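*Asks:* One letter stands for each residue in the lines below.
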Amino acid sequence: MPDGKHWRVSAGVGIIWRSWDSESVVYESFSGDIHSFDMVTGAVLKLLVQHTQDETTLVNSISRTLEIEPDHSLSLFVKQSLVRLSGLGLVECDK
Amino acid sequence: MSNQSDLLATCISRPEQLCQLSLKEWDFLIRQARRVSLLPRIAYLAHETGCYQTLPASVVMHLSSAWRVADKQAKVVRFEISNIEKALKQLKSPVVLLKGAAYVAADLPPAKGRIFSDIDFMVPKSDLEMVERYMIRHGWMATHHDEYDQRYYRQWMHELPPMKHTGRGTVVDIHHAILPETARLHPDSEKLLDNIQRVTGYENIYTLSNIDIVLHSATHLFHDGELENGLRDLVDLDALLRHFGEEQKFWDELVERAAELELGRPLYYSLKYCSLVLNTPVPDVVTKAAEALGKPPAVISHLMDTSFKRALKPDHSTCDDGFTPLARWLLYIRSHYLRMPLYLLIPHLLRKALKKHKTEAPLAAIPEIEKP
Amino acid sequence: MNDFSTQLGGRGLYIQTGPFCVHLQSSIATVADGITQLYSEYPSFKEKDFADFHIHLDTVAGIRRLIRPQVQFSFDGYIPFKPLPLDQAFPMFEWGLNWCVANNIHEYLIIHAAVIEKNGVAAILPAPPGSGKSTLCAALVNRGWRLFSDELAMFCLRTRMLVPLPRPVNLKNNSINLIKNYAPEAIFGREVSDTNKGTVAHMKAPTESILRAAEAALPSWIIMPRYQEGAKPVLESRPKAQTCMDLAQNSFNYSLLAEDGFLAISELIDKCDCYDFTYSQLDDAIKIFDDLELPQ
Numbered sequence: 001m002p003d004g005k006h007w008r009v010s011a012g013v014g015i016i017w018r019s020w021d022s023e024s025v026v027y028e029s030f031s032g033d034i035h036s037f038d039m040v041t042g043a044v045l046k047l048l049v050q051h052t053q054d055e056t057t058l059v060n061s062i063s064r065t066l067e068i069e070p071d072h073s074l075s076l077f078v079k080q081s082l083v084r085l086s087g088l089g090l091v092e093c094d095k
Numbered sequence: 001m002s003n004q005s006d007l008l009a010t011c012i013s014r015p016e017q018l019c020q021l022s023l024k025e026w027d028f029l030i031r032q033a034r035r036v037s038l039l040p041r042i043a044y045l046a047h048e049t050g051c052y053q054t055l056p057a058s059v060v061m062h063l064s065s066a067w068r069v070a071d072k073q074a075k076v077v078r079f080e081i082s083n084i085e086k087a088l089k090q091l092k093s094p095v096v097l098l099k100g101a102a103y104v105a106a107d108l109p110p111a112k113g114r115i116f117s118d119i120d121f122m123v124p125k126s127d128l129e130m131v132e133r134y135m136i137r138h139g140w141m142a143t144h145h146d147e148y149d150q151r152y153y154r155q156w157m158h159e160l161p162p163m164k165h166t167g168r169g170t171v172v173d174i175h176h177a178i179l180p181e182t183a184r185l186h187p188d189s190e191k192l193l194d195n196i197q198r199v200t201g202y203e204n205i206y207t208l209s210n211i212d213i214v215l216h217s218a219t220h221l222f223h224d225g226e227l228e229n230g231l232r233d234l235v236d237l238d239a240l241l242r243h244f245g246e247e248q249k250f251w252d253e254l255v256e257r258a259a260e261l262e263l264g265r266p267l268y269y270s271l272k273y274c275s276l277v278l279n280t281p282v283p284d285v286v287t288k289a290a291e292a293l294g295k296p297p298a299v300i301s302h303l304m305d306t307s308f309k310r311a312l313k314p315d316h317s318t319c320d321d322g323f324t325p326l327a328r329w330l331l332y333i334r335s336h337y338l339r340m341p342l343y344l345l346i347p348h349l350l351r352k353a354l355k356k357h358k359t360e361a362p363l364a365a366i367p368e369i370e371k372p
Numbered sequence: 001m002n003d004f005s006t007q008l009g010g011r012g013l014y015i016q017t018g019p020f021c022v023h024l025q026s027s028i029a030t031v032a033d034g035i036t037q038l039y040s041e042y043p044s045f046k047e048k049d050f051a052d053f054h055i056h057l058d059t060v061a062g063i064r065r066l067i068r069p070q071v072q073f074s075f076d077g078y079i080p081f082k083p084l085p086l087d088q089a090f091p092m093f094e095w096g097l098n099w100c101v102a103n104n105i106h107e108y109l110i111i112h113a114a115v116i117e118k119n120g121v122a123a124i125l126p127a128p129p130g131s132g133k134s135t136l137c138a139a140l141v142n143r144g145w146r147l148f149s150d151e152l153a154m155f156c157l158r159t160r161m162l163v164p165l166p167r168p169v170n171l172k173n174n175s176i177n178l179i180k181n182y183a184p185e186a187i188f189g190r191e192v193s194d195t196n197k198g199t200v201a202h203m204k205a206p207t208e209s210i211l212r213a214a215e216a217a218l219p220s221w222i223i224m225p226r227y228q229e230g231a232k233p234v235l236e237s238r239p240k241a242q243t244c245m246d247l248a249q250n251s252f253n254y255s256l257l258a259e260d261g262f263l264a265i266s267e268l269i270d271k272c273d274c275y276d277f278t279y280s281q282l283d284d285a286i287k288i289f290d291d292l293e294l295p296q
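Chain order of the listed sequences is A, B and C. Quick note on numbering: the first sequence equals residues 1 to 95 in the numbering used here. Quick note on numbering: the second sequence equals residues 1 to 372 in the numbering used here. Quick note on numbering: the third sequence equals residues 1 to 296 in the numbering used here.
Bear in mind the hints are in silico, worked out from the structure with no lab data behind them. All figures in this text were calculated on a predicted structure; none of them were measured in a lab. Accuracy of the hints is not assured; some may be wrong.
[Unchecked claim] Subject to a maximum C-alpha distance of 30 angstroms in a straight line, what follows is the list of computed BS3-like cross-link-like pairs (lysine-lysine): (1) A:K79 to B:K86; (2) C:K118 to C:K46; (3) B:K24 to C:K46.
[What the hints assert, rightly or not] A short, non-exhaustive set of chain C residues, derived as facing chain B with CB atoms under 7 angstroms: (4) F50; (5) D58; (6) A61; (7) D76; (8) G77; (9) I105; (10) H106; (11) E107; (12) L256.
Ideal Cβ placement from N, Cα and C applies to all residues, glycine included.
For reference, chain A alone in the conformation it holds in the complex (with noise of 0.2 angstroms):
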């Protein structure tokens, strides 16, 4: 459950955005890496890279922009995208 937390795009970190049909596609200058991203995944990112958000306001924000449900099987998702983009090193939270 969200604990709170506050997540970032991690320190150092550039990002370059392409959206083809649902998917984006996402290069980050500081390691060169490039990554293929889901539409919430993609949608996390873009967030954060707005702001520095908690986990429930994610939740509620990518409701009202993806227009889905803001139900458990949505935070389950923001959660997984968020343990997937912080093992790519790209977002990080307060300890």
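Fit chains B and C to the given chain A structure using the hints.
*Replies:* Just chains B and C, lined up with the frame of chain A:
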């Protein structure tokens, strides 16, 4: 343009010459520079002189391609420095970048158009094991699995066996001193660590002091290395001397510090060959003081002169004369002789010679290309 | 026939292929034969002030050459590969030249792909080995498409156009006879067996491709071909994001080009229609390629 074998050195010390080269001279220059990893440096210098736009298209294609390689390498180095800082975040002692990584982090002039093979840093010897553990935890692994190699590094060298990142393939060399334990000179690592300076933008990343950066570069070239990248390393030194030498204080303290660290001989050679090959400006009084401190006896001086003058030219067919192979071999033996006593040296070189046959010609990393 | 062998064995021959001038020196007879058969239509010179690549192919010195003669590829004194059996000298020239381009030329985004052109627009065919990319490419260039390359797609970062590097097409095993039957007029070099790809032979680039080597083209289609025995020809639209990742994966210097590499790849994806293409009959494939529609 003067002698073909001096073409590269001439263009580096007087880049304005680049604007007047004939196409044939560009052909020679690009080949020589590529061989000694100085092609991106030439690209940088051509850019600085402002004549880049007037160069023939085929020349520009090779120069900009080389520049892109160096630019990417600098990006990789900056990314890895930040990864190293993260990996060693719990370390109490400072992480001191050496050589190329230090030039990039501190944005020093030799960083412009420089090619890297690895990233070097130094930590106090007492922390070496802990550092190795942290690095392993963050994805780096020892590269030399051979028991002899492991022992060779751990017992006699001033560094751990190189570590390679399992995901990204980048290689780091972790030092605890700037020369091997068995070497004939013993610059005191503690004295070096006393004078380090923190790099802006990092919490725990340092470089040596300006003077020590020069002395380390000198030591690496004239005491430790095999001069395979001789001219490239001399270009580093030249750029450092020109940059730091803008301050009088640097020259005032240079020779004294060399004496303190027992590095008079490499300093003497550095100043001599920098000014000889690349016209590096060195104040007379400093040249004389370095001579008094580090000039070898006449016989040695003469032999070294004959050898260095050849080894500091590009290792390319357009530059060799009859003595070049012997000169390179002598310097190879010398570099190892300076590293370790003879009773260790002979078996070591034999082993190296035998092993060489097993692992010749590594294929450059290119995915999937139609390669034999 | 001509004096290529004397020239190659002496001061070397300068050959212009696409944007590159290659200076080749070799005393090996099969190299001279290969150059004579496959490169006689390219601009070539006995002297030139400048070459992009200085290449030597020589027999390896030493006692072993008496029993098992070998050839060594040298890029201006640098030896990137282990020697190969002497018989493979000409294929080694072709492979080595690909290596030289992919490792040293970064004013282009270079992708491991075949490229063919018609009416000023080009199709990029990236594909892993075994997909029949070279076979398909060889068939298309014998039926009215112009050969850019069967191996290296070069997208110029300056002009944003695909640039031709028309060189002999490298065919393997069954494909050799397949294309020899399909296009009896095509000229082939000698077959070399027992390479690590099996038997290989090079097909000469069609004359028109060689003559028009300076004419670039706009990228219009990215097509991932897949040969499947007995399959009906199927051309299916392919997700662009995935194609972007695949192009990056198949590029030699995308990572080196950093941001410029990503911008170049995404521009290709923006401009091109992307397809998966499964086929078994070359004639079906030609029909489908000829009917391709320009992207919106």
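*Asks:* Now look at each hint and say whether the structure bears it out.
*Replies:* Now the hints, each set against the structure:
Restraint check: the Cα-Cα separation between K79 of chain A and K86 of chain B comes to about 24 angstroms, which is no more than 30 angstroms; the hinted pair holds. For the hint pairing K118 of chain C with K46 of chain C, the CA-to-CA distance comes to about 34 angstroms; that exceeds 30 angstroms, so the pair is violated. Distance check on the hinted pair: K24 of chain B and K46 of chain C sit about 15 angstroms apart at the alpha-carbon level, within 30 angstroms; holds. Taken as an interface hint, F50 of chain C checks out: its beta carbon lies about 5 angstroms from the nearest beta carbon of chain B, inside 7 angstroms.
With 7 angstroms as the threshold, the beta carbon of D58 of chain C stays out of range of chain B, its nearest partner Cβ sitting at about 13 angstroms, so the hint is violated. The interface hint given for A61 of chain C is broken, as the beta carbon of that residue sits about 14 angstroms from the closest beta carbon of chain B, more than 7 angstroms. At about 5 angstroms, the closest approach between the beta carbon of D76 of chain C and any beta carbon in chain B falls short of 7 angstroms, and the interface hint on this residue holds. Of the supplied interface hints, the one on G77 of chain C holds, with its beta-carbon coming within about 6 angstroms of a beta-carbon of chain B, less than 7 angstroms.
With a least beta-carbon distance of about 5 angstroms to chain B, the hint placing I105 of chain C at the interface is held under the 7 angstroms criterion. Look at H106 of chain C: its Cβ gets to within about 4 angstroms of chain B, closer than 7 angstroms, so that hint holds up. With a cut of 7 angstroms, the hint placing E107 of chain C at the interface with chain B holds, because the nearest CB-to-CB distance is about 5 angstroms. Restraint check, L256 of chain C versus chain B: the minimum CB separation of about 5 angstroms is within 7 angstroms; hint holds.
Hints 2, 5 and 6 from the earlier list are contradicted by this structure; the remaining hints agree with it.
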